[in-house]
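Participant: Using the sequences plus the hints, can you model the full thing?
Taken in order, these protein sequences are the chains called A and B.
Per the numbering used here, the very first residue in the first sequence carries number 1; after that it's consecutive.
Per the numbering used here, the very first residue in the second sequence carries number 1; after that it's consecutive.
Partial pick of chain B residues on the chain A-facing surface, computed with a CB cut under 8 Å: (1) Val54; (2) Met64; (3) Gly75; (4) Asp76; (5) Gly83.
If you're looking for bench data, these hints aren't it; they were derived computationally from the structure.
Note that the coordinates shown come from a computational prediction; the quantities given were computed from them, not determined experimentally.
Ideal placement from N, C-alpha and C gives every residue a C-beta, glycine not left out.
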Amino acid sequence: MSGLRQADRLLEERGIGEDFGAFVTAAAWTRDGLVSACALGDGTLALADRGGFRRVAAHDGAALALCADGGPAGFLSGGDDGRFLAVSAAGEITEIARFGMKWVEHVASHASGHRAAAIGKKLYLIDQAGQTQKQLDHPSSITGLAFDAKGKRIAAAHYNGVSLWFVASKSDNPRRLEWKGSHTALAWSPDNDVVVTAMQENALHGWRLSSGEHMRMSGYPAKTQSLSFSRSGKFLATSGAETVVLWPFSGGGPMGKPPLELAGGDGVLCTRVACHPVHDTVAAGFADGLVVLADIASERILPVAAPGRGAVSALAWSADGANLLIGTETGFAARINFSKH
Amino acid sequence: MTETSQQVPVTVLTGYLGAGKTTLLNRILSENHGKRYAVVVNEFGELGVDNDLVVDTDEEVFEMNNGCICCTVRGDLIRILGGLMKRRDKFDGILIETTGLADPAPVAQTFFVDEGVREKTRLDAIVTVVDAKNLLARLADSPEASEQIAFADVIVLNKMDLVSEPEAAALEARIREINRFARIHRATRAGVAIADLLDQGAFDLTRVLDHAPNFLEDDSHSHNEDVASMSFEAERPIDPEKFNAWIGALLAAQGQDILRTKGILHYPGESRRFAFQAVHMMAEGDFIGPWPKGAKPASKLVFIGRNLNRPQLRRGFLACQVDAAP
Numbered sequence: 001m002s003g004l005r006q007a008d009r010l011l012e013e014r015g016i017g018e019d020f021g022a023f024v025t026a027a028a029w030t031r032d033g034l035v036s037a038c039a040l041g042d043g044t045l046a047l048a049d050r051g052g053f054r055r056v057a058a059h060d061g062a063a064l065a066l067c068a069d070g071g072p073a074g075f076l077s078g079g080d081d082g083r084f085l086a087v088s089a090a091g092e093i094t095e096i097a098r099f100g101m102k103w104v105e106h107v108a109s110h111a112s113g114h115r116a117a118a119i120g121k122k123l124y125l126i127d128q129a130g131q132t133q134k135q136l137d138h139p140s141s142i143t144g145l146a147f148d149a150k151g152k153r154i155a156a157a158h159y160n161g162v163s164l165w166f167v168a169s170k171s172d173n174p175r176r177l178e179w180k181g182s183h184t185a186l187a188w189s190p191d192n193d194v195v196v197t198a199m200q201e202n203a204l205h206g207w208r209l210s211s212g213e214h215m216r217m218s219g220y221p222a223k224t225q226s227l228s229f230s231r232s233g234k235f236l237a238t239s240g241a242e243t244v245v246l247w248p249f250s251g252g253g254p255m256g257k258p259p260l261e262l263a264g265g266d267g268v269l270c271t272r273v274a275c276h277p278v279h280d281t282v283a284a285g286f287a288d289g290l291v292v293l294a295d296i297a298s299e300r301i302l303p304v305a306a307p308g309r310g311a312v313s314a315l316a317w318s319a320d321g322a323n324l325l326i327g328t329e330t331g332f333a334a335r336i337n338f339s340k341h
Numbered sequence: 001m002t003e004t005s006q007q008v009p010v011t012v013l014t015g016y017l018g019a020g021k022t023t024l025l026n027r028i029l030s031e032n033h034g035k036r037y038a039v040v041v042n043e044f045g046e047l048g049v050d051n052d053l054v055v056d057t058d059e060e061v062f063e064m065n066n067g068c069i070c071c072t073v074r075g076d077l078i079r080i081l082g083g084l085m086k087r088r089d090k091f092d093g094i095l096i097e098t099t100g101l102a103d104p105a106p107v108a109q110t111f112f113v114d115e116g117v118r119e120k121t122r123l124d125a126i127v128t129v130v131d132a133k134n135l136l137a138r139l140a141d142s143p144e145a146s147e148q149i150a151f152a153d154v155i156v157l158n159k160m161d162l163v164s165e166p167e168a169a170a171l172e173a174r175i176r177e178i179n180r181f182a183r184i185h186r187a188t189r190a191g192v193a194i195a196d197l198l199d200q201g202a203f204d205l206t207r208v209l210d211h212a213p214n215f216l217e218d219d220s221h222s223h224n225e226d227v228a229s230m231s232f233e234a235e236r237p238i239d240p241e242k243f244n245a246w247i248g249a250l251l252a253a254q255g256q257d258i259l260r261t262k263g264i265l266h267y268p269g270e271s272r273r274f275a276f277q278a279v280h281m282m283a284e285g286d287f288i289g290p291w292p293k294g295a296k297p298a299s300k301l302v303f304i305g306r307n308l309n310r311p312q313l314r315r316g317f318l319a320c321q322v323d324a325a326p
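Facilitator: What follows is the structure, encoded as C-alpha cells:
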C-alpha cells in the first residue's frame, strides 16, 4: 500500500480530483491555460479552474469530442445529439451548428480562429462568427482531424487514407494520402512534414509530405487510440502496447529503427499518451488507471496517479505545460499542477 | 463468450427490401417491454421511437489488411458501438438494421475482429425477415437472399397471410435446405413475440446444436452453387492440434464458400465443452460449461455454405479424433 500511496503523492499534494461517474471521452484546456474541461459520457462538461470542478450541461446524450476554441478562452464540443457547441470559460453555451441525428465525432481549432467539425463524411470549417466557410466531402466517414501547426491546412483521416485541405484555398481539391485500410486516429508532426495515422490492424501508417515517403510502424498488441508528437518532433509517442512506445523521427527514423519503450513491466496496456508542450517528456495513462510522466532522454519515470480509478481515457497538458488533466473511463477526473511552488 | 452478463447483447436484423424489417423493428420498439434499446439504422424512416435512441449511419464495409480477402468488417459499427458504450445510460440491447442488399458477413465479422467491440458487446443473434410471397423469386435472382438466410439464427417467415399452408410448408423446406439450424417463426405483419427475437443467446452454440433436427440426415444439395448446411458428429474425443490444423487449412482454402461454421467439441480429458465458430475465415473458440449430466460427450460440427463436399468434410472431421483404444 505504501507503494500505491507514493504513486498518488503528486495527485494528493498538487492536484484536485473528483469522480463524475461518467466516461471521460476527451480533455482539453483553454488556449490561455486557465480553465480545463473534461467531456463526459452523460453529455456534461466538467470545467475546472484552480478552485475546483463544476458541471455544465452541454449535450443530450454523450459529449464525444472536445478541444480548445480558436480564441484564448473557451472550448468547442461535439456530441451524439448532433450539436456542435462553443463553451465559454465561464460555462456559457452557444450552439454553432446542429446536424440532426448525425454525431459530431471530431472537433478541432487553430489559434488563428478556425473551427472544424467532422460529421460523418463531411468536414465543416466555421469561423468565429459562426459562419460555415467550407463544407468538404470525403469518400467515407472522418475518423481523425488535425490542423497543421500554422493553421494553413487541415488533415482528415478516413478509410484508405487521409485528405489534406488548404483552409483558405479557393479551389477545394484535397491532396490525398492513400493507404488501403481503416485509419482510426491522426497526428501531424510539429514541422508539418509528417502525418501519421493509427490503423485498425494494430499498426501505424505515416507519410512524409515533402518526399512522399511511406512509413509503416507495427508490432502493437492492441489498437493505438492515442498518438502524440514530442515538442521537438523527434519522437512520436503512442498507446496500444504494454509500454509507452516512442518512434524516433530523427536521424533517418522511424523506418529501420526500433522504438524506445518506456514505463513497461506491469503488463498493463497503455491507453493514452500526451507529449509535454515544452519539454521532451510524455504523460502516459494505462488501462489500470496508472498515470506516469516519462522523461524521454533520461528514461526516468515519475508516477502521477496510482492505479484503481478506471482505465485512463483522456490526457491533456495546458499550453504552458504547467498543468496536466486526467480522465478515466469510470469518470474520475483530476488536474495536477507541476509548476514550482 | 466470456462475461456475457457485462456485455450488451446486439441483434442484427437483415432481410430483403420489402420483407418487413422496418415493420418488425417498429413492433419491437413500440411493444411495452420496459427495456431501452439503441437502434442503428441506415435510413431513418418511420420509426415510432419514444424511449429509444436511434443512430443513423452509412454502412461502411472495408477489407482488413490481414491477407484474408473475405475478411470485411463494418467500420461504422466499430465507431458507433464504441460511442454508445461511452454513454452513461446503458442499454438493454442494441438493434442493428442492415440494408436490404447487405451481405451479413461484415456485420458478423466485426464482432470477431475488433477488440473493443468484443469486450463491451456480444452478437446475440442474426434475425432475418423473409417475405413468404416473394422468397422463391428472391432466392432465384439474388445471392444476398440466400446469404441472409444462411447467416440467420432466427428467421421470421413474414406475410404468411399471402400464402397457403402447403406453400408455407414448401417454403420452410426450402429454407431448411439452406440453413437447417435457424429457428423459423411464421408471422403476419411481422407479429413475432419479442421473447423469440431478442436475448436469444443464439451464439450459445449448444442451444443451436441441440435444436438442430436431422443431424445425420443426408443432403441432396452438396455439389452445387446453392447454399446448403451440413453437420457431422464424432464419438471419440477430438485432438485439438489435429482439429486446429485441419479447420485452419480448410477455412483458409474454402472460407469464401463456407459462410458459417459452428461446433461443440469434446477434447480428451476435458470436462468442459469447447465451442468453436467461424464466419468465413474468421474463427474463434472458447470453453463453455460442462457436458450435461448423464449425456455422453460427443463432438458436433456444422457448416453452412456453397460447394460443400460432404464425404471430404466428414473424413476430415473424423480424422481429428484421437486414436481409438486398441
